[in-house]
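A.B. asks: Chain by chain, the residues run as shown.
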Amino acid sequence: MKKSLLVLSLFGAFAGVAHAQSSVVIYGTVDANVQKVTGTSAAISKHDNNKLGFKGVEDLGNGLKALFQLEIRYELDTGTNEIGGTYQRPLFQGQSRVGLQGAFGTVRLGRGLTAYQETSTAFEPWSGLPSRAGFQGDIHTAGYNSDPLSPIGNSKNRFSNALFYNTPVLSGFQLNATVGAKEANGGPAIQGRSLTAIPQFAANSAGDANPFSVSGTFTNGPVAAMLGYERNAIETKLWSVAGSFNPISPLKLMASYQEQDFGHTAFSAADEAKSWVVGANFTVGSGLIRAGYGRLTPENATKTKRASIGYEHNLSKRTYLYAEASQTKVVSKTNYYGVGVHHNF
Amino acid sequence: MKKSLLVLSLFGAFAGVAHAQSSVVIYGTVDANVQKVTGTSAAISKHDNNKLGFKGVEDLGNGLKALFQLEIRYELDTGTNEIGGTYQRPLFQGQSRVGLQGAFGTVRLGRGLTAYQETSTAFEPWSGLPSRAGFQGDIHTAGYNSDPLSPIGNSKNRFSNALFYNTPVLSGFQLNATVGAKEANGGPAIQGRSLTAIPQFAANSAGDANPFSVSGTFTNGPVAAMLGYERNAIETKLWSVAGSFNPISPLKLMASYQEQDFGHTAFSAADEAKSWVVGANFTVGSGLIRAGYGRLTPENATKTKRASIGYEHNLSKRTYLYAEASQTKVVSKTNYYGVGVHHNF
Amino acid sequence: MKKSLLVLSLFGAFAGVAHAQSSVVIYGTVDANVQKVTGTSAAISKHDNNKLGFKGVEDLGNGLKALFQLEIRYELDTGTNEIGGTYQRPLFQGQSRVGLQGAFGTVRLGRGLTAYQETSTAFEPWSGLPSRAGFQGDIHTAGYNSDPLSPIGNSKNRFSNALFYNTPVLSGFQLNATVGAKEANGGPAIQGRSLTAIPQFAANSAGDANPFSVSGTFTNGPVAAMLGYERNAIETKLWSVAGSFNPISPLKLMASYQEQDFGHTAFSAADEAKSWVVGANFTVGSGLIRAGYGRLTPENATKTKRASIGYEHNLSKRTYLYAEASQTKVVSKTNYYGVGVHHNF
Chain A
3 MKKSLLVLSL FGAFAGVAHA QSSVVIYGTV DANVQKVTGT SAAISKHDNN
53 KLGFKGVEDL GNGLKALFQL EIRYELDTGT NEIGGTYQRP LFQGQSRVGL
103 QGAFGTVRLG RGLTAYQETS TAFEPWSGLP SRAGFQGDIH TAGYNSDPLS
153 PIGNSKNRFS NALFYNTPVL SGFQLNATVG AKEANGGPAI QGRSLTAIPQ
203 FAANSAGDAN PFSVSGTFTN GPVAAMLGYE RNAIETKLWS VAGSFNPISP
253 LKLMASYQEQ DFGHTAFSAA DEAKSWVVGA NFTVGSGLIR AGYGRLTPEN
303 ATKTKRASIG YEHNLSKRTY LYAEASQTKV VSKTNYYGVG VHHNF
Chain B
3 MKKSLLVLSL FGAFAGVAHA QSSVVIYGTV DANVQKVTGT SAAISKHDNN
53 KLGFKGVEDL GNGLKALFQL EIRYELDTGT NEIGGTYQRP LFQGQSRVGL
103 QGAFGTVRLG RGLTAYQETS TAFEPWSGLP SRAGFQGDIH TAGYNSDPLS
153 PIGNSKNRFS NALFYNTPVL SGFQLNATVG AKEANGGPAI QGRSLTAIPQ
203 FAANSAGDAN PFSVSGTFTN GPVAAMLGYE RNAIETKLWS VAGSFNPISP
253 LKLMASYQEQ DFGHTAFSAA DEAKSWVVGA NFTVGSGLIR AGYGRLTPEN
303 ATKTKRASIG YEHNLSKRTY LYAEASQTKV VSKTNYYGVG VHHNF
Chain C
3 MKKSLLVLSL FGAFAGVAHA QSSVVIYGTV DANVQKVTGT SAAISKHDNN
53 KLGFKGVEDL GNGLKALFQL EIRYELDTGT NEIGGTYQRP LFQGQSRVGL
103 QGAFGTVRLG RGLTAYQETS TAFEPWSGLP SRAGFQGDIH TAGYNSDPLS
153 PIGNSKNRFS NALFYNTPVL SGFQLNATVG AKEANGGPAI QGRSLTAIPQ
203 FAANSAGDAN PFSVSGTFTN GPVAAMLGYE RNAIETKLWS VAGSFNPISP
253 LKLMASYQEQ DFGHTAFSAA DEAKSWVVGA NFTVGSGLIR AGYGRLTPEN
303 ATKTKRASIG YEHNLSKRTY LYAEASQTKV VSKTNYYGVG VHHNF
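Protein chains in written order, with the numbering used here: chain A, 3 to 347; chain B, 3 to 347; chain C, 3 to 347.
Be aware that one or more of the hints could be misleading.
Note that the list lumps identical chains together, so a pair holds whenever it fits in one copy or between two copies.
To be verified - Below are the DMTMM-like pairs computed for lysine to aspartate or glutamate, each with C-alpha atoms no more than 20 angstroms apart in a straight line: (1) Lys67 to Glu314; (2) Lys307 to Glu261; (3) Lys319 to Glu60; (4) Lys319 to Asp61; (5) Lys331 to Asp263; (6) Lys38 to Asp210.
These are calculated hints, taken from the structure and not from any lab test.
Build out the structure end to end from the sequences listed, making use of the hints.
C.D. replies: This is the structure we're talking about:
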C-alpha cells in the first residue's frame, strides 16, 4: 500500500511557504465489487476493508520516534461506519494507537490488531482480506473472537485497552506481544457453562484474565515462518503455526495450522476446533493470481471446506481490478463470484 | 465550490521535499444561520448541507483515471452526523464511491445521489440547497424517497449499493444512469396496500425490483434542458422535465415539472402527485439574487405553495453572507427568515 | 499545542505545483496512559481528550477573515467516538463552528465551549485536562452542566446552537459572550421541582430561557484574572472569580472560586454548591510540574476534597511522557496513579 506524506508548515505564519515542520499522512483504501452468492441477488459489496486513515511519525532524536495512527473503517456501499453483523463498529475500527519507537522496538497503547492476528495474514492466501474467497474469517480463526466482551459485532481480531510491543528484527527473528486490560466495554452477557439466569460473564463484565497475544516470526531469504498463541478475556485459547516458501521469486506457497480450545466456556466436552489452509500467490506480468484451499474441523460437528481462486489485474501501483470465486461446503455448497475495483490512496 | 489540492510526497522519505506523487483533496462546506420560522423560537440552523470530504484522482495513463470520493455530512450547530428526522445518517452521507473514468464515460460503485436527483438541482432556483427557502425537499420531490427501504431518516435522494454511469458530453448531450442492487439495508416495515400485520415490505426487506434512475441533459449556449425518470425499490415512479434559459448572461430563468406515481403502495386511488417550480438567479455585482415560486398538488389533497426570495453577498470566491425569506401555504401560512454565513474550503 | 498547515493548491490543475491558494490545517492529540484507581484493575485510559481536527482561515482583505474549525473527539483505547457515561458523543464533540474575525472581534456560530468554560481552564492547575488528577470535572464545576437538555452524556461544558462573540484584547482586557438558542436537542426529561409524571422539562424540551455565558479576562505582565457568569437552559447559575500570578517566569500560581445556584430545579432549599481550587505549574528544565488542591462544598452534603501532583517530561515540543497521582476524599479516599504518553500533531 502506497502512503503519501502531506508537506506541512508551521501554523502561525500562514505564509504559503512549505516548511517540513510536521506531518500527517492521509491514506486509505476504497474497494467495491459486484458479487453473487448462491441463493441471493447480485449485490454491491467489497473484498477488502475500506479505510480512511491519519498517521504520523515525529523524530525525537537519538533514534527515538513518536508515532500515532488513527484508521476509520467504513462500508463504501452504504456510507456507514464499518458494520459487524448489524452493529456499527467504532469510528476508528482499523486502529487507534500512540507510541514510541527506538532501539528497544516499538511500544504502543490503544486499540489494534493483536500480535497473532497481525502476523498471521502473511501466511493466508488472501492476505487476510475479508473477501468470501479468503480464509481468515470462515476457516482460519472461524468462531474465535479476540475481543468477545466488547459489544456484539465489534472487531473479532483486535484488542481494545491494550499495550502492544514489537521487538526489533534480529537475524530475521521478531517477537510481538499484546496485553489487554481487564476493562468492561459494554459487551453482552456470555452464558458459557452457566445458566441463562446467571451467565458466566454478565453483560458489560470485564474479563476474568488479562487477554494476551504473542507471535514470533522468522524470515530468511525465500523462507518465512510464524508461531502464534493467544488467549482472550473469556480464556479461549488459540495457537497457530504457519510457514511460506518462494521456490521462485514470483511464486509464494504457504500453509498454516490452527487449534482452538474453548473449554473454559464450552457446555460439552466438544470444546476444540482445528483448521488448516494451504495456498499460493503467483505474480504474473501486471497481475496476481491467488489460490487456496482450507478446512475447519470443529470437534463432533460438520466440517467446513473452501476452495478459492482469484486474479488481480494492476492498472497502477495503487489500483487494480479483480475477479474471484470460491466454493464453500458445510452441509450444502455455496458458490461466490465477485468482480470489483480496489484503489489505494 | 473551490477545491484544494494537498501537495503530497512519498511516505518513506519524510524528506520535506514536495513531490507530487499522490493526492488527497480535502474539501468542505461550513454553513450556519440564525433563522425564525412562524410559531417557533429563533434557532441556529443552516441553508446548505455541511460537508467534510476526501477525494482523489489517479491518472492511469491512456486517458484512464481512477477516482474516489468520501463525503462526511454533519450538523454544524450540534456537531453530530447529519440528522434525518431524529436519525443519525451514515458517516459518509454525502457520498462514498470509487470508479474509473475514460473515453467511455465514468463508472462508479457505492453510494451517492441518483442520476435524476443529481442533475435536477441545476433547474431549481436554490440549486437543491436544503434551505426552507428552497423547493427541492418540500415541493420538487415532496413525499418521494429514492431509498425508502433504508433506515428511517436516511437520505431521500441517494441510492446505496448502486452502480453509477455517466456518458461523456456529446454535442451538449449527456446521459446518466444509476442502478441499485436488491439488498436489504435494515429499513422499517412499509405497510403499503397490505395489512399492518403483514406489511407489503417487511422490516429489513429488499426491494421487489431493482431501483434505477436515468436523466438526460442538453446544453447549448444559453439553453439547458433535462428529462429524468426514476423508480425506487418499492416501485414508486417519478418523472420530471426541466429547462433553463439565460436571456442575458447574469440572469438564469428556470422551470421544472414533476409527476409521482405511488400506485404500487397506495391505499386509495389517489396515488399521484404533481409539482412545478419556476425561478430565477440574478448575478448583480458581488451578489446573487434567488427568487422562486412552486406548487405541489397531491391527488385529492391540499396543495402546498411556496414563494421565496434570497440574496447571497460574496466576501470572496469561497465565502458569502446571505439573507433569505419564504412563505409557504398549506392550510395556513408559515414564514421563514434566515441570515447566515457560508464558507467553502 | 503546535499546529500544522497543509500547503495547498488549486484543484483543477493537479499539476503538482505547490500554490498557497487555500488551506486546511489537520491537527490533533493522541494521549494514552496506564492507570490504577483504588478498587479497580489497571486500565488503559487518558489524561487529555483525544482530538482529530480540521480548521482553516481565509483572508478576505481589509483585516477581515473567515474561519472554521471542526474537531472530532474519540477514545484512543477503544477507537470509538468520545464517550460520556455510556453515550457516544457527537462526531465533532470538540467543536464545529464557522465565523468571521475583524477589528470588531470574532463572531462564530455553531457548537463549542462556552465563554466561561473556555477561559476558566487557564486558572486550573491541570489546564482543564479531564485527568483524574485535574479539578475541572469533579471540583471546579462538579454537578454543573452547561447543556443539560441535550442527550445524556453529551458535553457538559459546551453550548450547541449558539452564537459566540469575543472582543479584541484592549489594554489587556477581553470580553467573551455565548448565547444559545432555545432549541430542543433530544435530551431526557428533567424532573426538577415537578412530579415524575409531569417533569419540569419533558423529554426533548427546549429551555425556558436562552442559555448564556460571559467571561471577562485581564492580563498584565505576571498577573491574570477572570470573572465569569453562566446560566444554562434550565436556569442553573454559575459564577466564578479566578486569578493567577507568576512570581518568577517559570512558576505560575493560581486560584479560583465558584458558586452554583440550582434553585430553579432543586427539590429542597439546599440549592447551592461552592468550590475553590488552588494550584501551581512549575517549568523545570524540559519538564512541567503540576500541583493542586481543591474543595467542593454542596449545601448540606458531603464535601469533596482532592490533592494532586503531576510531572510532564517533554521529549519534544509536541510529545511528552507523564506521571501523575491524586487522592480524592468524599466519604472514603480514592487514589489515582497514571503514567502515559501525550503527542500533538
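A.B. asks: Which numbered conditions among the earlier hints are violated in the structure presented, ordered from lowest to highest?
C.D. replies: The structure breaks only hint 5.
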